[in-house]
Each structure stands twice: as structure tokens, then as C-alpha cells.
Amino acid sequence: MAQAADKPLAGITLNLASMNDQFSAVLAQIAPEFKEATGAEIKVDIMDYGSLLTKTTADFVAHTAGYDLITMDIVWAGQFAANGYTIDLNDLMKRDAKELDAADIYPKLTEALGNYKGKQVAYPFAGYANVLAYRKDLFDAAGLKAPETMEDLVAAAYKLTDPAKKQYGFVANGQKGPAVAQDWMQYNAEMGGAILDKDGKPALNSEANIKSLTVYRDLFKKAAPPGAADYDWGGREESFRQGIAATMQTWSVGAPGYYDPKTSKVVGKVDVALAPRGKGLPKIYGIGGWGLAINADAKDKQKEAAWTFIKWVTSPKIQKEMNMLGAGSYIRKSTVTDKELNAKYPFLPVLNEVFENGDGDYRPRIPEYPEIQDILGTAVNSVLVGTVEPKAALDAAQEAAAKLF
Amino acid sequence: MNLTRSVESKAATGFSPVPFATRRKFFLLAMALPAVAYVIALGVFPLVKGMWYSLYEYNLLKPARTHFVGIDNYINLLADADFRGAIANTVIFTVFSVAIELVFGFVIALALWRDDRFNRVCLTLILVPVTITPLVVGLIFKGLLLADYGMVGYYLAQWGITDPRGLFATPSTALATLIFIDIWEWTPLVALILLAGLKALPGDLLEAAAVDGATAWRTFRSITLPLMLPAVMLALTLRTIDAFRVFDSVFVTTGGGPGNSTNTLMVYAVKEGLSFFNIGKASAISNIALLCVAIIAICFILMIRHFDKKANGR
Numbered sequence: 001m002a003q004a005a006d007k008p009l010a011g012i013t014l015n016l017a018s019m020n021d022q023f024s025a026v027l028a029q030i031a032p033e034f035k036e037a038t039g040a041e042i043k044v045d046i047m048d049y050g051s052l053l054t055k056t057t058a059d060f061v062a063h064t065a066g067y068d069l070i071t072m073d074i075v076w077a078g079q080f081a082a083n084g085y086t087i088d089l090n091d092l093m094k095r096d097a098k099e100l101d102a103a104d105i106y107p108k109l110t111e112a113l114g115n116y117k118g119k120q121v122a123y124p125f126a127g128y129a130n131v132l133a134y135r136k137d138l139f140d141a142a143g144l145k146a147p148e149t150m151e152d153l154v155a156a157a158y159k160l161t162d163p164a165k166k167q168y169g170f171v172a173n174g175q176k177g178p179a180v181a182q183d184w185m186q187y188n189a190e191m192g193g194a195i196l197d198k199d200g201k202p203a204l205n206s207e208a209n210i211k212s213l214t215v216y217r218d219l220f221k222k223a224a225p226p227g228a229a230d231y232d233w234g235g236r237e238e239s240f241r242q243g244i245a246a247t248m249q250t251w252s253v254g255a256p257g258y259y260d261p262k263t264s265k266v267v268g269k270v271d272v273a274l275a276p277r278g279k280g281l282p283k284i285y286g287i288g289g290w291g292l293a294i295n296a297d298a299k300d301k302q303k304e305a306a307w308t309f310i311k312w313v314t315s316p317k318i319q320k321e322m323n324m325l326g327a328g329s330y331i332r333k334s335t336v337t338d339k340e341l342n343a344k345y346p347f348l349p350v351l352n353e354v355f356e357n358g359d360g361d362y363r364p365r366i367p368e369y370p371e372i373q374d375i376l377g378t379a380v381n382s383v384l385v386g387t388v389e390p391k392a393a394l395d396a397a398q399e400a401a402a403k404l405f
Numbered sequence: 001m002n003l004t005r006s007v008e009s010k011a012a013t014g015f016s017p018v019p020f021a022t023r024r025k026f027f028l029l030a031m032a033l034p035a036v037a038y039v040i041a042l043g044v045f046p047l048v049k050g051m052w053y054s055l056y057e058y059n060l061l062k063p064a065r066t067h068f069v070g071i072d073n074y075i076n077l078l079a080d081a082d083f084r085g086a087i088a089n090t091v092i093f094t095v096f097s098v099a100i101e102l103v104f105g106f107v108i109a110l111a112l113w114r115d116d117r118f119n120r121v122c123l124t125l126i127l128v129p130v131t132i133t134p135l136v137v138g139l140i141f142k143g144l145l146l147a148d149y150g151m152v153g154y155y156l157a158q159w160g161i162t163d164p165r166g167l168f169a170t171p172s173t174a175l176a177t178l179i180f181i182d183i184w185e186w187t188p189l190v191a192l193i194l195l196a197g198l199k200a201l202p203g204d205l206l207e208a209a210a211v212d213g214a215t216a217w218r219t220f221r222s223i224t225l226p227l228m229l230p231a232v233m234l235a236l237t238l239r240t241i242d243a244f245r246v247f248d249s250v251f252v253t254t255g256g257g258p259g260n261s262t263n264t265l266m267v268y269a270v271k272e273g274l275s276f277f278n279i280g281k282a283s284a285i286s287n288i289a290l291l292c293v294a295i296i297a298i299c300f301i302l303m304i305r306h307f308d309k310k311a312n313g314r
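Protein chains in written order, with this note's numbering: chain A, 1 to 405; chain B, 1 to 314.
Please note: incorrect hints may appear among the correct ones.
Derived pair list, reagent style DMTMM-like, types lysine to aspartate or glutamate, alpha-carbon separation capped at 20 Å [stated by the list, open to error]: (1) A:K221 x B:D163; (2) A:K403 x B:D82; (3) A:K403 x B:D163.
Quick caveat, the hints were computed from the structure, so don't treat them as lab data.
Bound-form chain B, shown alone (with noise of 0.2 Å):
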């Protein structure tokens, strides 16, 4: 019956006899086949062979050892003194990096919210730190903290306000010297996202406020925070990723030293990956660093939901 109709239709009109809905389907996804070509190529493939690599005892350099163990890799991490320290140090250094960012961020946005031009010149100074890489940046404060050395760890360390063997040697201030730098760098980023959002805000709405005579405190708490969320989720959720992948100023200042005291999950993956070339141990590692990832980005998808809810009654 269907079959005739179509038929019938193509004598009549001269179009193929496929319907307009399949073909516009069929089109569809013909043109995002190439994305999830690449998706597949460079994601899926990829995490599908890591974990794979995962389960053997699989390294470069003694490629006759190679063989299937299965979760054995995962079991010794997880008794690796090493690993537990390495994630404490990440968890530690993200909350407390991301966490400082954005009350910073937060303050610097709201200073910088009205636009004139002092704000504008302020705005471009303050993002000069997010455009130089990582790894300059460790190295610019590793010459700058060294103890005997550093223009300014020498004098700190003179003066008797850190340790003499100055901000990265001493295993209590190493850390702390590293979420600052990542603070120093990250911050601007954190009130540009912010200063995006507060920009975005409804006029309106705060002037009905101003009419209202509600109080700058009360304005904030009631009408700017709740709308700022996406803003704050969206700043939150990158910091948060790239912290807990920190890598490159801890490389170049303390090697993940003194000790351990500044190991972090991906130095220590680097380490096992491209130092030992331990291809599966390396893998496992990136895996729980991905499994946790992952469970961050859930609890903050769950946040926004909650939040929404509670601003919108939906």
C-alpha cells in the first residue's frame, strides 16, 4: 500500500521515493558521521586500549615480561603507599586551588563589573598571567623562591619567613607554594568567566532591586549569586579538571619533591609512563585519574540540578 503510494508519488512529482523524513534523517546522520569518526578515533579508541594496556604487566623496556595480570595493577596502586599520597596531594591541591580562585575570581570580577576604562586597561593587565604556559610560569617562581639564589626567596629566607632552605625544599611549604602558583595564574581566568556572567546579568532585575531598596548584600545573596550559577558551575568545572591534571609547574620545581610531598597522580603517571616506559602501570593510572574526573563532573552536573531546582521551583 505504502509501497504504491510512493511509487505513485515518484511518477507524479519526478522525486525519489524515499520520504522526505528518512532522507533528512539518513542526511543527518551522514554529516555526523565525521565527528564520531573522530570521537571514536581519538576518544573512544583510545580509552578502550588504555584500559586494556591496564590489565597486563606491559613495559617498552622488557618487552619479553609483557603478560596478561589482570586487575593486578590496579590492586598494587591501591596498596601503593606512593599512589594514596599522590592522590591526597592532588585532591588537597585542587580543592584548595580551585576553592581560592574563586572567591578571588568572584572579588576581582564584581571590582571590575563596571565598564570604564580603568576596568578595561585592569581587565587586560590581570590576564597576563593566564597567557604564559605552565611550565614558564614553574620556572619563572622556581628563580624566583630559590633560597640561595631566588630574588625573592632570599630575602624571604633572610628575613627568617620561610624555612632556609627556602618554599620548595621544605616538604611542609611545597605544596602550598604550588597551589599559590597555581592561584597567581588561574585566578584572572576564574574572574573573566565571572565578569562574562555578571555582564550577562538582567539590568532590570537588579534595578527593580535598587527601587526596592534592597541592600548590596541582599541584592547579591538574592538575585546575582542564583543567576551567576551557571557562571560560577561553569568556572568551577574547568579549574576543577585542569587542577586535578596538574602537571607542569610541579615538573619543573620540585619534581614531585621533597620526598613526595608534592606528588601528584599525573607526575606520577608521567613518571611511570615516559621515564620507566611502564605502559600499564601508567595506563591504570590514568584510568582511576579519569574514573575520579569523571565522579567530580557527576557531583557538579547533580549540584547545578539541585541549585536549579531550588532558584526555579522546577
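Chain A with its partners taken away, still in its complex shape (with noise of 0.2 Å):
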């Protein structure tokens, strides 16, 4: 009877849907501990990204509620909030406001990583930050600084390649896809180009756009590893800790990796830096991440208890237990500020100004999205092998986006 009394949930599984990314691992770690407080079982489900939204989705469709507990990543909001596949969190949010202790999340995170037009779909729980990852000691050993403009980025790229020592000065994903079509939406938005109009229409073919791939595809020609237009983030990532490769943005949460002896040869060669961005052109650093969601269909006493689990995991003291063990998932300005993190993990000031300065809809997060970025990856894969010119395969891209409204 004591027990049930300070274990209010117990008997009750939670089943969480969890994309294969560094938390997962981790939220199956700290599992336990969420039973030790509450009584509640945390079941984690890791899955790769193409098996997770089919999976979910499926379970949506279908009302099946197979899953409680879902990490959305942030491109999804806008179809899960046109469907009603999760609860609106606002009012959970407006009842638990002072154990929630909101104002120490980034407002940006908690709009971008689960808010579609003032719904809360999801609570934000792991954001990543675009940044810039670059080899100090090739940048000092050329006379370099670290580059604060595209152009700067472009120039200091083309410089540091030297096929011949197996030296490249970029990388970035080529893979047909999400791989290339979610890269290159990050540098078309740091060259000044949008895949939306202000009407929230599709303007793949705009000038800026076209200009911004071209620079992109000469990038890969002149400047990246023979092999990128066939690497996903794995391979890019890969080549960077090979240290083939010179610069690479990438999302901070594989940062952790390049310090990490064991997976790196560039161990004390690396900083971590803002991402740049067109000469003149506002801050935008790219926002991307997790938010987690609870399964409308979900019965009532699940929906309580996952929304219990969502407080808990985002709690400071839950984040910072987390990062330490290496989620790379940060939502908490005090997390991001914390002494003994930023000594494991120098480039958390970075992510800091990203999360105050950043754009989470440089990828429309509209319900179509999924179509579009399968148009995209084909398109700008197409460029890349070089079959197609940028302008006829945005403008043919752009026909075939134009359908979807």
C-alpha cells in the first residue's frame, strides 16, 4: 500500500518509439530510473529513421496505439498537427507551468522542435544545433581564420584541397534523399535562398536557389572527397574523423565523436564554431532536433503517465544526467551553461548562440514536406553526378512541387 502511494504509476508500460540517434541509447540507460521514481516502465523501441515513421505512422492510421510515447523529429510537425495524430500539449503545458519550469528552454526549441501554428504537438527534448566543424591545425598551417561567411567557407575550401596528400576542403551528404536534399536546404538558406515563398508556396527555382546549388555542386566537384555524392550523414561524419575531409557542417550531436579517440584520428585538431552564412545576410543558424509526443489514441492513464515521463526527462536535472552520459541533446539554457558539461564538451557556447539565434524552418515544416524533400533529393542528387544543370532541375523540381498544393 506504501508503495502505491510513492509510486503512483505503478503497473503501467510505456511504450516509446525512438528514432537510433545518441539519446536513444541513453533514454534506455536512464530508463530505470523513471520506474525507480514513479513505478512506470519505459520501453524504448530504437529504430532508424525510415522504419520510424512508417512504424508510427502505421500505428496513427491505423488507431492501433501501439506506441505512447513518440520522438518527432522537427520536419514532422506540420503533418502531425493537420492529422491529430498526438495531443495538443498546451493546456498540460498552462496546467504543470511552474514544475515545468519553461523559461529556462530555449523559446526558439520549444517552438521549433514540436509548435505547428500555436499547437504544441510535441515538447521539445533534444535540440541540435547546425554548426561548423573545421581542422584548426590545417586552417593555422595555410594562414587561415575560421570562416565567418559562406564566401569565406568556399574560399578556405577550394584552398585547403590537395587531392594528391588525399586532403579535401569540404563534405557535405550527396546521397539521393533526405541526405542532400536536408544538406544542401541548410547551405541554400545560409546563401539567402528558401524552398517556400511569402505565401508559403514552393519556390525551388528562384535565382537565389539556383545560385546557391551551383556553388554547391562546384563544391562537390573541385572541393569534396571523390566518393561524397554517394555519403549519408554516416559517411560524412566518417570522412571528417578520417580527417580526409577539412570542414563539414554537420548537427552538434555528433560533435561528442571527434574528441573521442576511439572513432576519431582528429582528436585536438578540431574546433567547433558557428555555422557561416551569406556575406550580409542575417543570423540564421539551422535549428534541428527531437521533440516527443504523446499518441492521440493513447488510453487517458497512458496519455497522464507519458506526459509524466515528457516532465521528468526534460527536467534539469534528468538533461544534464543525460548529456553527461552523451545524448548531445541539449533544450535547457541552464544545461548548456553548466560548468562541469562545457568542461567535457567545449563548444557548448556555440550551441548557446545558435539556440538564441536560430531558424527551425529553413526545412519548411509543413504538412507536404516529406514529398518535397524527396523531390529535392533527387533534383540536387541529380546535379551532383552531374546529369542534369541546377536551373533545369529546380525548374523541373519545382513543376513537380507545385502539384502537392
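Fit the two chains together into the complex; they arrive one by one in their own frames, and the hints show the way.
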């Protein structure tokens, strides 16, 4: 009886569908702690990106309520909101405002990781910052400073490329599909391009987009490792850790890996800096990451327990604990500025800057996003492998995208 | 009249009035019923449902937009250059991989025909690729052939044999590489089927040919090959239908890229169905694929009949 009183959720099992990112292993690791605290068991089902999307969507459309909690990629927010897959967290957030200490969470992350037109479809859980990782040793040797603008980055990339020495100045995702689409959208935004126009309609073949795609292609041709047109996130990170690429824009979540001598040949030679942006353009640092959402089909008791879990896992104490374990996922100002974490991960001030000034919408968070990403993924890849010119590719992509609206 | 007799016979023997032939028919029908139900539930029902879906704009993510569109899905597909490209890729993939597998398979089967220990060991060894799932095969080859880190791909690029971007990232070689992988994986199966055919050949015919002094080529052309036709057709049909549905290895190696150069029908259907949940369009693609497979199967049946007529004069 006494046990029931201090473990209010005893007997409940929550199924969590999780993306296979750094945080997922940590989630599974700390799940027993939640059971210790509340009595509820957390089952973490870790999947790759495609399986996660397919399995959770199937769960939603068939109303099978197989998962109570779902990690939601920032770009799925539009779909989740449009179809009411997950419960609106606004009321719960208002009810438990005191407990949540929401002021400590970066407002940009609360917005980007789960808010869609005022509706909170997921709670911010793992914020990623787009950052520039670069080889400080190579930059110093060549007398270069850390690139602040895209123009600097392009110039440095060309200067540091020497195929004879297996040294390349630049690397990015080139593989057909989400990989190349997402990386290019990042560069495109930094060079002043945009996917949607002011009315929210696709504007893929704008002048700025064509220009940025041309620059991107030239970088691949002349400054990237030859196989980069086939790299996805894994290949890209590997080329940087193996020391063949001098600069790479990436998600902050991968940064702990460069400091680990087991996987990295560049320990002590790397610096993580703010991502560059086009000369004279406003600060737009890319924000990505994951929110935690509650399945709308779950039973009320499960929903309440899931909300308890969200409150617990996003609390300052657990956030710090997760990141000490290498989750690489930040949402709280107090975690990002934590002394102990800063000693371990010296790049955290960069995250602070990105989360304060970031942009979560350079990849449009609209219900049509998956199709637009696919169209761009094929178009940009075709340009990189040289079968089409940038303008023709984006013209065709625009035509296909316009049909979706 | 009939009735009276059966009543009489019942009175005489105590058996049921239904004649044996009728009872047998009912019994056989009852025995077939589970199979019929099975086929209806798992074959006919999904097929009809799939055809029905293909007449709708039906996206699970946009339920509000669902409405009947008739054959619009099919018209849009045929007008879609990506789809036509996918058909072309699928046909090229199927024709080349199956043709080469048949030739290699036949050569291997002939080489392993004689039953001795060496051949038995060889047969076991060459069957290894068949036991690995296509998905894993794709991942293995991807790992081997990557231009920058692959154990094979690195040297191929280094020595200038392949494009420095790697076999999978070069539009002109990506499809050929996938065909190579399919051949690597499935030639042993073809060899096994053909070897079974060879072992079943009537020995006396071959002996008679040898006694008559026929050359090896003549024996092969006039006796072995015609008699092997059923086995060849079996291998051909199995592999063609399977190759036409290629998905796993493409999905994990190129995802249909670079560009759309290795996009196959099934990759396209899975993308529409399971990435975009576009059930209407995905059903239409699957139906077209089904139609293609049916046409291929009919062609093979006609071919078998033709050869059979020629060989047996029937």
C-alpha cells in the first residue's frame, strides 16, 4: 500500500518509439531510473529514421495505439498537427507551468521542436544546432581564420583541397534522398535561398536557389572527397573523423565523437564554430532535433503517465544526466551553460548562440515536407552526379512540387 | 423412378440415398474449401482491394482529400517520366541479370554434372550467396564498393578502373553494378535448378548418342538442351518474376539513385506507399507491375508450348 502511494504509476508500461540517435541509448539506460521514481516502466523501441516514420504513421492511421510516446523529427510537425496524431500539449503545459520551468528552455526550441501554428504537438526534447566543424591545424597551417561567411568557407574549401595528399576542403551529404536534400537546404538558407515563397508556396527554382545549388555542385566537384556524392550522414561524419575533410557543417549531436580517440583520428585538431552565412545576410543558424509527442489514441491513464515522463526527462536534473552520458541533446539554458558539461564539451557556447538566434524553418515544417524533400533529394543528387544542370533540375522540381499544393 | 430406386437401395443396404459419385464430389469440394478460402482471403481479396484503391486519390496522411478519380492514377503514371524510367530500369535489370544468370548457371551446372566429392563440396560452397538475404547482400557490396572507404571500391577508383565517385554514385555504372550483385547472388540457384534437370536426364539416351559417335556439341544441342527445357523454363520463370520485383538491394545501396538511374518499379511503389502513404498511387504502380509479370508469365507459357510442339511433334 505504501508503495502505491509513493509510486503512483506502478503497473503502467509506456512504449516509446525512438529515433536511433545518440540520445536513444541513453534513454534506454535511464529508463530504470524513471521506474524507480514513479513505478512506470519505459520500453524504448529504437529504430532508424525510415522505420520510425513508417511504423509510427501506421500506428497513427490505424489507431492501434502501439506507442504511447514518439520522438518526432522537427520536420514532421506539420503532418502531426494537420492530422491530429498526437495530443495538443498546450493545456497540460499551462496546468503544470510551475513544475516545467519552461523559461529555462530556449523559446526557439519550444517553437521549432513541436509547435505548429500555436499547437504544441510535441514537447522539446533533443535540440540540435547546425554548426561548422573545421580542422584548426590545417587552417592555422594555411594561415586561414575560421570562416565567418559562406564566401570565406568556399574560398577556404578550395584552398585546403589537395587530392594528391588525400586532403579535401569540404564535405557534405550527396546521397539521393533525405541526406542530400537536408544538407543542401541548409547551405541554400545560408546563401540566402528559400524553399517556400512569402505565401508559403514552393519556390524551388528561384534565382537564389539556382545560384546556391551551382556553388554547392562546384564544391562537390572540386573540393569534396570523390565519393561524397554517395555519402549520407554516416559517411560524411566518417570522412571528417578520418581526417580527409577540412570543413563540415553538421548537427551538434555528432560533435562529441570528434573528441573520442576510439573513433576519431582528429582529436585535438578540431574546432566547432558557428555555421557561416552569406555576406550581409542575417544570422540564420539551422536548428534541428526531436520533440517528444504523446499518441492521441493512447488511453487517458497512459497519456497522463506519458506526460509525467516528458516532465521528468526534460527536467534540468535528467537533462544534465543524459548529456553527461553523451546524449548530445540540449534544450535548457541551464544545461548548455553548466560548468561540468562545458568542461567536457567545449563547444557548448556555440550551441547557446545558435539556440538563441536559430531558425527551425529553413526546412519548411509543413504537411507536404516529405514529398518536397524527396523531390529535392533526387534533383540535387542528379546535379551533383552531373546528369542535369542546376536550373533544369530545379525547374523540374518546382513543377513537381507545385502539384502538391 | 430414380428416387424410388435409391430409396429401395437404402432399404436394402442401409446406406444414405445420395449416390456415391455425388458424395465423392461433395467430399472433394469440402476438402478444397480451405484452400479456396485461403486463396480468396490472401490472394483475391487484396487484389480486388488493390484495384479498387488504385481508382482513388487516397493518401493516409491526407484523409480529407480522398475521392474517386477513376483511372487518373494510371494516366498520371504513364505521363510521369520517372515512372517510365522506372519501368525501363526494371526491364533492363531483369533482362540482363536473368540472361547472364542462365548462361553462367548452365555452365556451372554442366561443370558440376559428374557426381564426385569435389563437385559436391563445390555445390555446397557456391550456394552460400543464396542463403544471405538480399538486404544484407546489398549492405555487404555497398561496404565493399564505396569509393573512399570500401575495401574494393577504393582500389578500383585509385587504379583508375572506375570513376573516382565510385560505382554506385556514377549514373552509368550504378545499374550495371546492381545487375552484377543480382548475378552474384542468384546464379547458384539457377545452377542448382539446372543441375537437378541434368541429373534427371535419361542416361540411356546419352549413352546411345555416345555409341552412335555424336560429338559433345551435337549431343548437347540435340539431346541435352531440348530435354533440359522444362528445367530452363522453370529457372527462367522463377528468376524473371523475382528480378522484376527487385527492391532490397537497390534500396540499401543506391535508394534508386544517383538521380533516378536505378529507380525500379518496386522502389518507386514502396516510396509512394510507405514513405508518402499514397495508397492510391502505390496501388496503381503495383497493379501495373502485376500486369507486367502476368504478361511475362503468359509469354513463357506460350514459349514452352511452342518448344514442346517442336520437340515432341505434338
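The hints, checked one at a time:
1. A:K221 x B:D163: holds (13 Å)
2. A:K403 x B:D82: With a Cα-Cα distance of about 15 Å, the restraint between K403 (chain A) and D82 (chain B) holds, given a limit of 20 Å.
3. A:K403 x B:D163: violated (36 Å)
Of the numbered hints given earlier, the model fails hint 3 alone.
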